[in-house]
Structure formats: structure tokens, C-alpha cells
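Novice: All chains, please: the whole structure from these sequences, using the hints.
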Amino acid sequence: MSEVIHADHHDDHAHGPAKGLKRWLFTTNHKDIGTLYLWFSFAMFLVGGVLALVIRAELFQPGLQFVQPEFFNQMTTNHGLIMVFGAIMPAFVGLANWLIPMQVGAPDMALPRMNNLSFWILPFAFGMMISTLFMEGGGPNFGWTFYAPLSTTYAPPSVTYFIFAVHLMGASSIMGSINIIATILNMRAPGMTLMKMPMFVWTWLITAYLLIAVMPVLAGAVTMMLFDIHFDTSFFNAAGGGDPVMFQHIFWFFGHPEVYIMILPAFGIVSHIIPAFARKRLFGYTSMVYAVASIAFLSFIVWAHHMFTVGMPLAGQLFFMYSTMLIAVPTGVKVFNWIATMWRGSMTFETPMLFAIAFVVLFTMGGFSGLMLAITPVDYQYHDTYFVVAHFHYVLVPGALFSIIAAVYFWFPKWTGKMYDETLGKIHFWLSFVGVNVTFFPQHFSGLAGMPRRIPDYPLQFADFNMISSVGAFIFGLSQVFFLYVIIKSIRSGQPAADRSWEGAKGLEWTLPSPAPYHSFTHPPVVKDEEVLG
Amino acid sequence: MKNQLCRMKNQLCRIKRQLWRTMVGMTSLLLTGVAAADELNLRVGVTDISRQVYDLHMTIFLICVAIGVLVFGVLFWSVFNHRKSKGVEAATFHESTKLELAWTIVPTLILIVMAVPATQVLVAMYDTGGEDMSIEVRGYQWKWQYKYLDDDYNNTLSFFSVMSTPRDEIYNQSVKGDNYLLQVDEHLRIPTNRKVRFLITAEDVIHAWWVPDFGIKRDAVPGMLNELWTVVEEPGIYRGQCTELCGKDHGFMPIVVEVLPEAEFDAWYASKVSSELVRQGSFGETLSHEELMAQGETVYSTYCASCHLANGEGVAPVFPAIAGSAVAMGPRDDHLNLVINGVAGTAMQAFGRQLDPAQLASVVHYQRHAFGNDAGDMSQPQDVINLSNGQ
Ligand code: HEM
Ligand SMILES: [Cu+2]
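For the record, the sequence lines run as chains A and B.
So for the first sequence, my numbering puts the first residue at 3; every next one is plus one.
So for the second sequence, my numbering puts the first residue at 31; every next one is plus one.
It is worth saying that the hints were derived from the structure and are not from the lab.
Note that the structure is a prediction, hence the values are computed from the model and not measured.
Glycine included, C-beta positions come from ideal geometry on N, C-alpha and C.
Warning: the hint list may mix true and false statements.
Claimed, not checked - Cross-link-like lysine-lysine pairs, in silico, DSBU-like; alpha carbons within 35 Å at most: (1) A:24 <-> A:530; (2) A:198 <-> A:428; (3) A:198 <-> B:114; (4) A:530 <-> B:114; (5) A:491 <-> B:114; (6) A:24 <-> A:491; (7) A:428 <-> B:114; (8) B:116 <-> A:420; (9) B:114 <-> A:420; (10) A:530 <-> B:116; (11) B:128 <-> A:198.
To be verified - Derived Cβ-Cβ restraints for the label pairs, each shown as a range: (12) A:126 <-> B:119: 46 to 56 Å; (13) A:302 <-> B:300: 53 to 63 Å; (14) B:194 <-> A:243: 49 to 59 Å.
To be verified - Just some of the chain A residues that point at chain B, by a computed CB distance under 10 Å: (15) 158; (16) 162; (17) 320; (18) 373.
Specialist: Quick look at the structure:
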């Protein structure tokens, strides 16, 4: 649509971007919007990181040193919310914007104006959420899972802003998803059948459906909260006949698919990077697709594994234990396929590959602890301890986040036309790798030893592990500032990149010049099997 | 004979456990180079259930370690050998139905192997009923209330258990003691070898009651009664913490259970109940200013100071000051009513549900005569009883 309109006003069809601030405010270009998403998510990542460092500074030693418990709770809550909704999710949407049109051979996203809107909602949503920290009574302090009635009857007055912010984030995600689905289903180049789509496109297609399915559920949950707080309903208020446990069922019906929303695109990314640097076609493409689909399906029927201690009947506990254990099967299939791709390849270890291999190893460790957590009778001992914190940070930091960093290094030459500095990239990798493990590995131990999560101060026997963890967190935090330096330096003075920037890189995006033209494919490319399937 | 077999089996189990513990301990020591082996793993605990849980944990853990060694072994073998720098040409295979079926089916079988003992332990945990005694556990922001459910005494014995670690230790002004953050003013006491049932609920927000050594944890949810049980063989003091975020002082509401030999427990329980009956009979008596101030100060520091602060200054705007407050200087009955009924929609709870008349009268009297307040009147337990009856 937009192209037709533009063509009316300009003589030159292949026009470049507008100049100055207007370019970014009014842009409908998938690359510009992708860039906005990526920088926004990086900014949120730094904000969320600062909050994490406040937490780790306070936990460096037992006793209260820097912050009061009320403020500590606001730090944990906002750290979680900002990282999940502000850093990881928008980063994946940014990557989708940049990559999906190029990978399916389209000129742009299907719905460019909605694309602009879905991005520009986000700064307002997060501006509003972060501003609550400065309000009287403080910001959200009830954990990123905001269990009622702590988040309703007992919440600070600013909770209304939080609810509104969540609604905005949800609207943005839903619009983004519609756009992605519309693009993938309608704008593929002739000849690119579903079973020839690149894995990143596949995983995002499924993720987008997950988002559309569960974001309205989250919206429902916060709306019920809003009614409980302001209109005297009692959805979650036991004194009025409501049920606080119902909140958790609703939240986790959103929340569990949500955790897979944060990992499926990562699976896609890793499925591009490993074949590229192993110079070998992805092993088991078909089973990869089916594995992602079954993970997505299973993710709807496991939610109560977050609620094993809530007091369910035995049959319920058993159902959710078995279904959760089952997720390990398709997850295992993916890991085995990646290893089989590496097997007898001709590997080199540039920065994206290093991050991708670390992803496979450390994500799998998170999968192991996930499997342990799935075992209901032992989950009673692990639940709400640092063991859970270790688990989900292993799947989210060296999992989701490493995949995003890997993607940035991998497609950087295509986006900017410049090569990043390989030595600096490798330093960044090793710092991150050491930092992440020093931070989160000891948390398995403090969890097993019995340290509850979300506490500002702890008994003395947990002191050693917390100290190590805090040191690791600062290493990790600083290495991400270093990442910023590497990126800026490479944008400014990187070497020019070839069109096919990596020897083994396959996919339509590598057939475009580097940097990729403003409108990706103005004419549909010819889809050759050896290009799209590797 | 059968007994001996049992004992041998137990011993074998214990040896197995010890082996596991040393193994895990040693690997972990290597990994972190700190702390004693005991701190690195789940504790075995002191009940049959906690030991079953421990064994299950070790079984699953070791299966994961075995799979991990295998999978990562293959991965790293490939990383070291299949390098371009070693002149390896990439192979061209990209699928194998046999392999893919194998690594779908084999993990499924392993999961079934895991699910069997997991189901058994879970079923054992759900073996409720047949209890020798019941205790209601009620979570409050930020303390626990224990009520011994006992028809003989009309549930007389009920008390709060509040963290007793001094603020000075938390704020690093004095040395932290041994049980830092894990000590309370009054332990929950239970006997050995009897099946004790806990009925878990909460007054305000969700809390969670956990005693790691018993291998039991359950959420305390307002409006819901959850059930847990335990049988403890070894007397001792066992400590845990609240494990569901419940607001500001979530980190400061420990759980301490003291397990007494049966006879000792019975003696303690009888004397506790009788002194409680005496105390409840004495609410008609008139107390002196000094008596009220002394008791009032204790109640204040346990129940009020976490929000209104020990010096009565409060934390504006959420927790108003008591020092110089209009309520503390205004009519006495309004003050009493406010404390008894709380203030809806705020963190100020209805303490009439938590404190007895003597405690309520003394804490109000204290608030009216401490921090420079000088109401100059008296509040007696009988006044509280009259007010409550008047409603
Ligand atoms: C084999 C796969 C996995 C299994 C079996 C699994 C299992 C579990 C279980 C049982 C819990 C609840 C633990 C408790 O609270 O007691 C949990 C928590 C969690 N998992 Fe996983 N998990 C898996 C993979 C993942 C992945 C891929 C992600 C995200 C990328 C993830 C993110 C989380 C998060 C965020 C939580 C904690 C939420 C909270 O309470 O704050 N998990 N997992
Ligand atoms: Cu989950």
C-alpha cells in the first residue's frame, strides 16, 4: 500500500530515508523500525542491568547496606519486567523486522504503518512504568509475576500506571505479531513454500501465534486487577469471595508460553549461525520445525508447574509434572540436531559461533535444571529459592540474550556494510561467558542450601555464594558496556563487508548487497533450494 | 530377621547417600573452590519424606549429569576435531530418520524412568489423614501465627512467632549472631514420632511455609486451607523462611520449629495451656501505668515498629508517625477502635484479631505515653472488652 502512495508523490521509486528526527518518528521502513527496536531494547537492557546491579550490590554481603527492603522489592520487580518486556522481547521484534522481509524475499513488512505504531507505543509504556519509581509510595514492588492480592489490595497507588503500561506493551506485541504473520504468510517470494522457510522465520511465525494467543490473557489479568483496585470487584480478593489462586492460573497461562516466546526466536537464530560456521546444512530441518511446533503446543498445558506449592489435588500435580517433563523431548531434539549439524562440519569460531555454542551448552544446562524443577516432589524444595533463579537465568541470559548478541554480530555486516572487530568481539564473548557463569552458577548452590528468592538480606550460610554471584554480575554488566563500545567502534570504522559476509552463510539476505538496500527486494528473487535450505 | 533386613537396607541407603553427597560435594568444590560440601547440596533432612525427596533429587540430578557428560562430550569432541583449521572438509549429510527417531524415543524412555519414582514420592506425600494432632499455621505480614487445634481446651493455645534478630544486626551496627535472620521470639513446638498435620492459610497476602529439613513447603493463601503433614524422628530445632514474596519484610519472617521428645512436649503443652487459661482469666484486673507501659513496649516493638518504627516516627507517607499523632493525642476510644479494627485499604491491620485485650490496652496506653506523647489517661483490658462487646 504505502509504496503505491509514495510512488504518487515521488518520481524516484527507490528513494532513501528522510532526513533527521522525522526519519525515525514517521518511518515505515522495516530496517529503520528494526534499528529503533534494537536500540530501544539495548537502552532498556542497560536500565534493567543497573537495577540488577543495585540488587547484587545489596546482596554482596549479609545485612542491609545500600537500600531499604521496600526499594529492594521495586528493584527486583522492575528488573524482571524491564528485561522481559523491554529488553528481550523488543530485541526479537527488532530482529524480526530487519530479517524477515530479507529472508522471505519481500521489500518490507506487510503493514508498515502499524509497524511504526507498534514501536512508538513502547517508549511511552516504559516511560510510564519507570516513572512510577519516582512516585509517592514507589513503583511496582510485587515481583514481575505480580501475584494478587499483593498487587491489588496491598499495592502502592502507582499500580494503576503499571496496569496501563502492561496494556500498552500488550497492544504493541499483538500489533507486531499480526504484522509478522501477515508478512510471512503473504509476502514470501514465489517458490518459498512453508517447508523451505528459514528457521528464524519459522520460529517467529509460531512465536507470533503464541503472542496473539496469550497477550490478551495478560490483558485480562491486569484488567481484573484494575477492577479489584478501583471498582470494588473481588476477582482475586478472598474476603469478597474471590480467589487469589485464580490469578496465578491466569498469569501462568500467559506466563509459560511467554517464556517460550523468549526462546523460540533464539532457536531460529542459532539454527542459522551453527550451519553457517560449520559450513554444513542444518541437520533435521523438518524435525526442527515439528519440534518448535510441539514445544509451542505443550507450552499451553504446563503452566501450573509454576504453582506446585499452591495446593492442587494429586491428579492435577501429576498431570502438570508429566506434561512439563514431556517438553524436554522436543527441546532435546533441537539440541541433538544442532550438535549433529556441527558434527563433521568444517568449523571456524568467529564471535557469533562462540555465542551460539555457548548458547547450546548453557541453555541445555538450564534445561536440566528445568527438568529437575518439573519433578513435583522435589520442586517443593526448590520452589521460590535461588535454584529457580539460576534455572531461568540460564535459559534467559546465555539462552535468549546470547542468541540476540550472536544475531547482532552475525548480521551486523549485512545491516551496516561494515565488519565488526573480531578481536574485540571475542573479548566481549569471553567476558560475558565468564561473567554469566560466575553470576548464576553459584545460585544453584544457594538455592539448594535453602536461600529464598526476592529477599534483601540473608542468613550467614549463604554469604560466600552471594559474594561470588555479585562479583560475576559486575563483570557481566561491564562487559555489556564493552559490547556497546565494540558496536559503536565498528559502525564508525569497521572494514567494508562482502555481500556474503560469511563463507558458509546461506539465505536470501546474503544475496543482497551489504549494507542491504533501503527497500529489501523490490523484485521477488528466485528461490533456489541450495540457497534457502543451505 | 525382617528388622535386620530393614536396617541393612537403611544402612545401604545411607551409604549410598553419603557417596552421592561426597561426589557432588567434590565436583562442586572443584567448581567453586569454596565452602563446605554440606552447603552445596539439598539437605537430607530428618523425616522419611525428606529423605525420599533427597534420594529422588539425587537420582534425577545424576541422570542429568550423565546425559550432560554424554551430550557435551560429543559436542566438544566435534568442536576440537571438526575444525576448518585442521583441514576438515564439511560432510554433506543433513538428516537421518533412524537417528532422529532414536533421540526422540530414548529420552522419552528416560523420562518414564524418572516419572515412576517421582510419582511414588508424590503419592506418599499426599498420604494425609490419620494425624495425631493439628496445628493451624497463619501467615501475616510479616509473622506467623500458630494455633494448636484442640477441642479439649477450645483451641486456647495460639501465639505469634516473630523474628527476633535485632535491627542493629541487620543494619550492621553489631555483630551478626549464629542464627541471623533465622530466630524467632517463640518457637513452634511439636513432638517427635507423632503425625502432625498443618493447616496452612494466610490473613492478608500469600506467604509460603517451608521447613527444608522436613521436606515440606506450601503456600499460605488467604481464604484457602492447605494441608501438610510430617513425622519427625529426631528432636532438634529446625529453621526455614517464608518463600513467597509477601511485601516489605518478606525476608524477615523465619519459621522455627522445635521438635521435643514426646513426654517433654506433653509437659510443655499442659503447662502452656494452663498458664494461658490463667492469663485469659485476668483480663478483668486493673493494671498500673508502669505495667501497661512495660507490656506495651514489648507489644509495640513486636507488632508496630516494623512500620511505625521503634522511635514512633513512621515512614511518611505510607506509615504515619505515632509521635505527636492526632489519634494518639485524641479520644482514647477512637484510638482503641482504630487499633482493633485497622484501617481498610491500608497496611494497618485489624489487630483485634491478633492481640488479646491486655496486649491491645497496653499498646494503646504505650503509644499515648511514649515518644513525647502525653495523653494522660489510662487504657485497661476491661475497656477493650467493653468496646468489643459494645459493637
Ligand atoms: C526443558 C525445558 C524446561 C522445563 C522442564 C522448565 C521447567 C520449569 C519449572 C518447573 C519452573 C517452575 C519452578 C518453580 O517456580 O518452582 C520453571 C520456572 C521458570 N522457567 Fe523454566 N523450564 C524449561 C525451560 C525454560 C525456558 C526455555 C525458559 C525461558 C526462556 C524458562 C523460563 C523460566 C522462568 C522465567 C521461570 C521462573 C518464573 C518465575 O517464577 O519467576 N524455562 N521452569
Ligand atoms: Cu513454565
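Novice: Hint by hint, note whether the structure agrees.
Specialist: The hints, checked one at a time:
1. About 39 Å separates the Cα atoms of residue 24 of chain A and residue 530 of chain A, which puts this hinted pair outside 35 Å; it is violated.
2. For the suggested pair residue 198 of chain A and residue 428 of chain A, the alpha carbons sit about 33 Å apart, so the restraint of at most 35 Å is met.
3. Under the criterion of a C-alpha separation no larger than 35 Å, the hint pairing residue 198 of chain A with residue 114 of chain B is consistent with the structure, at around 28 Å.
4. With a C-alpha separation of about 26 Å, the suggested pair residue 530 of chain A and residue 114 of chain B falls inside the 35 Å cut-off, and the hint holds.
5. At most 35 Å may separate the alpha-carbon atoms for a hinted pair to count; residue 491 of chain A and residue 114 of chain B meet this at roughly 29 Å.
6. Under the criterion of a C-alpha separation no larger than 35 Å, the hint pairing residue 24 of chain A with residue 491 of chain A is consistent with the structure, at around 25 Å.
7. Between residue 428 of chain A and residue 114 of chain B, the direct Cα distance comes to roughly 18 Å. Compliance with the 35 Å bound is thereby established for this hinted pair.
8. At roughly 29 Å between alpha-carbon atoms, residue 116 of chain B and residue 420 of chain A fall within 35 Å of each other, so this suggested pair holds.
9. Of the supplied pair hints, the one linking residue 114 of chain B and residue 420 of chain A holds, its CA atoms being roughly 24 Å apart against a limit of 35 Å.
10. Restraint check for residue 530 of chain A and residue 116 of chain B: satisfied, since their Cα atoms lie roughly 31 Å apart, inside the 35 Å limit.
11. At most 35 Å may separate the alpha-carbon atoms for a hinted pair to count; residue 128 of chain B and residue 198 of chain A meet this at roughly 22 Å.
12. A hinted range of 46 to 56 Å holds for the C-beta pair residue 126 of chain A and residue 119 of chain B, which are about 54 Å apart.
13. As the Cβ distance of residue 302 of chain A to residue 300 of chain B is approximately 55 Å, the hint placing it in 53 to 63 Å holds.
14. Here the CB-CB span from residue 194 of chain B to residue 243 of chain A is close to 37 Å, at odds with the stated 49 to 59 Å.
15. Here the hint on residue 158 of chain A is kept, as its CB sits about 8 Å from the closest CB of chain B, short of 10 Å.
16. Because the beta carbon of residue 162 of chain A sits about 14 Å from the nearest beta carbon in chain B, more than 10 Å, this interface hint is broken.
17. Checking residue 320 of chain A against chain B by beta carbon gives a least distance of about 6 Å; that is within 10 Å, so the hint holds.
18. Given hint, residue 373 of chain A at the interface with chain B, holds; its Cβ is 6 Å from that chain's nearest Cβ, closer than 10 Å.
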